[in-house]
Amino acid sequence: MNKNYMVSLIAVIVLFLIAYVGAAQGTGLQMVFGIIFPYLAILLFIVGFVRKVMGWARSPVPFQITTTCGQQKSMPWIKQAKIDNPSCTGGVVARMALEIFCLRSLFRNTRMKLKSGPHLTYQLEIFLWVAALAFHYAFFAVVVRHLRFFTEPIPCFVTLIENLDSFMRAEVIYDAIQVGVPGIYMSGLILLAAVTYLFLRRIFLPQVRYISQAADYFPLFLIMGIALSGIFMRYFSKVDVVSIKELIMGLVTFQPTIPEGISALFFAHLFLVCVLLMYFPNSKLMHFGGIFLSPTRNMAGNTREVRHVNPWNYPVKVHTYEEYEDDFRDKMIEAGLPVTKMPEEQA
Amino acid sequence: MKDKKIILVGVAIFVVVVTFPFWYNLGRSAPAPEVVLTPKAQAAEVCVMPTEFMKADHMKLLDVWRHDVVRNGNRIFVNPDGKAFEMSLSNTCLDCHSNTTEFCDRCHDYASVRPYCWDCHIENPKGE
Ligand code: HEC
Ligand code: HEC
Ligand code: HEC
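Protein chains in written order, with our numbering: chain A, 4 to 350; chain B, 1499 to 1626.
No lab work stands behind these hints, which were simulated from the structure alone.
A quick note: this is a predicted structure, and the numbers were derived from the prediction, not measured.
A virtual CB, placed ideally from N, CA and C, is assigned to each residue, including glycine.
Incorrect hints may appear among the rest.
To be verified - Some residues of chain B that are not near chain A, with every Cβ distance over 10 Å (derived):
#, residue
1, 1536
2, 1542
3, 1544
4, 1547
5, 1582
6, 1584
7, 1588
8, 1599
9, 1600
10, 1616
11, 1617
12, 1619
13, 1624
To be verified - With a straight-line cut-off of 25 Å between C-alpha atoms, the simulated SDA-like cross-links for lysine to any residue are:
#, chain 1, residue 1, chain 2, residue 2
14, B, 1502, A, 318
15, A, 344, A, 328
16, A, 241, B, 1602
17, B, 1558, A, 243
Claimed, not checked - Computed footprint of chain A on chain B, listed as stretches where at least three residues anywhere in the stretch have a Cβ under 8 Å from a Cβ of chain A:
#, stretch
18, 1510-1517
19, 1525-1535
20, 1556-1563
With the hints as constraints, model all of the structure from the sequences given.
Written out as structure tokens, the structure reads:
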């Protein structure tokens, strides 16, 4: 047992219970969890996010950072790694796109192992990348799908994602459970599986456990809680979807209402999402904004080609060698020192 | 600095995307759809199961019905009040709710669900 993840787990369970028990008390607390917290959360999310990014934008960047993974542009006969070490904007855009859409840095994940004697080997450890990719794309699909509750009429890209997401049909019927109508969305299950893997990885790999803190476990548990409660509502306990949409549409059209008959589980689900949004700008989750500003990825590695001057350099007064020689030429010649320019009359 | 301008553009895009639901629905209000009951349903007063249950769980009920009919060959459903119904989508549900466009579809359009049942089952058995 490890106090870092126990604390996070307990925090998420307590948050869930607060909303679950609270919303069961009646309309008063349902207004708190269904209207006040959502507005507060979206406000804190946007303001916090923008402040954080603008804070980064204000940070000084005194020099070009060239931590790269390939050969910089050099002599014509030396092959340049055009994407790993770009010398122009096009290359930088390609490198950033690969990073943002394919999480390329995670693909480089390697694991060190001692193999047969004192030979250290590095192996490709691909599962972090696979799980992270699955996680982020599934999360994206889930968010887009949820727009069906936030829009009326529902835009076509939402229905498109819904259709793609539910193309796999599976039906399970036993006495106790029934799953399959409404159709199964893959993204929710993939999201849960990936986030579970990302959590287990932190527990079972000693090196990763060593560097994991409560701030790493908390968002994982939070997302797990959101996914579990969502899956439970869709496939098992069933909720009144139409009233829920009425509530959400009330929020986004600034005419908030609390319709009758919404189950407390929904309020708990919504509250966990609100907590995620409020927590977001103050946490490691800001890598969402940060990835665009990662200095080792978004600058061209052209330090040999272009002189990068620190923008706030004080204009230093320099005294060049030529000026120095002009000042002391006579004395230098007298002392027999070589000079680059002979005085006129001696020439 | 020129980077700051690019970052500002990025932040502006972020804010526009995140507030999408607010400006997309601007000036509109989207109350829950009104479902219309046919005279036959009004006469019956109650659905197969209590209304609360029907609102959230009707697809579950339909799935269980289908399973009972197709797999178990059992066509009669007895509800908790002891009333018996034939387990049939078109002959039972759409007998009372023959106005699918004003009943089933209104909710389904609002919630963006497109049941595939009508690929095979008749949506409008009474031809109204
Ligand atoms: C109160 C609004 C409402 C009414 C009226 C209604 N439905 Fe639904 N129905 C829903 C909602 C909401 C869902 C989707 C639930 C979800 O997405 O989790 C749904 C889902 C379904 C599904 C599963 C769809 C899928 O995803 O495969 C079927 C089948 C279905 N309804 C049949 C009917 C029939 C038949 C009628 C008319 C007799 C009807 N419904 C009337 C709200 C309604
Ligand atoms: C005997 C006639 C009858 C049959 C058969 C019937 N219903 Fe109903 N249904 C009603 C009545 C009446 C109501 C309205 C109850 C109320 O207002 O409390 C209703 C309400 C509903 C609602 C809730 C609508 C809302 O938002 O108020 C749904 C969903 C629904 N029925 C679906 C079905 C489905 C699916 C079937 C087939 C399994 C079915 N009904 C069969 C009469 C019937
Ligand atoms: C591929 C075609 C097909 C699709 C799609 C389909 N069904 Fe059926 N369904 C059948 C057939 C065939 C039967 C058997 C009819 C019988 O024996 O009376 C049946 C029977 C049923 C029955 C019981 C008998 C009756 O008269 O209704 C129910 C209830 C039912 N289906 C519900 C559904 C629901 C709900 C959906 C959508 C989620 C659906 N079905 C989609 C073909 C289909």
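- Item | Distal placement of residue 1599 of chain B relative to chain A, Cβ over 10 Å | 16 Å, holds
- Query: Are 3 or more residues of the stretch 1525-1535 of chain B near chain A, judged by a Cβ distance of less than 8 Å?
  - Reply: The restraint on the stretch 1525-1535 of chain B holds, since 6 of its residues have a Cβ under 8 Å from chain A and three suffice.
- Item | Beyond 10 Å from every chain A Cβ - status for residue 1536 of chain B | 19 Å, holds
- Would you say residue 1624 of chain B is clear of chain A, with no C-beta pair closer than or equal to 10 Å? Holds, because the least Cβ-Cβ distance between residue 1624 of chain B and chain A comes to about 24 Å, which exceeds 10 Å.
- Message: Can you confirm whether the C-alpha distance between residue 241 of chain A and residue 1602 of chain B stays at or below 25 Å?
- Response: This hinted pair holds, its Cα atoms lying about 17 Å apart.
- Item | residue 1582 of chain B remote from chain A - nearest C-beta pair above 10 Å | 20 Å, holds
- Query: Regarding the assertion that residue 1616 of chain B does not contact chain A, is the least Cβ-Cβ distance greater than 10 Å?
  - Reply: 13 Å, holds
- Given as non-interface: residue 1588 of chain B, which should sit over 10 Å from chain A by C-beta: 16 Å, holds
- Message: If we take the beta carbon of residue 1600 of chain B, is the closest beta carbon in chain A still more than 10 Å away?
- Response: At roughly 15 Å from the nearest Cβ of chain A, residue 1600 of chain B sits farther out than 10 Å, so the non-interface label holds.
- Message: The output says residue 1547 of chain B does not contact chain A. Does that hold with a beta carbon cutoff of 10 Å?
- Response: Non-interface label stands for residue 1547 of chain B: nearest chain A Cβ at 12 Å, farther than 10 Å.
- So is residue 1542 of chain B really clear of chain A, every C-beta pair being over 10 Å apart? 21 Å, holds
- Query: Taking only the CA atoms, is the gap from residue 1502 of chain B to residue 318 of chain A under or equal to 25 Å?
  - Reply: 23 Å, holds
Checked against the numbered hints listed earlier, the structure breaks none of them; every hint is satisfied.
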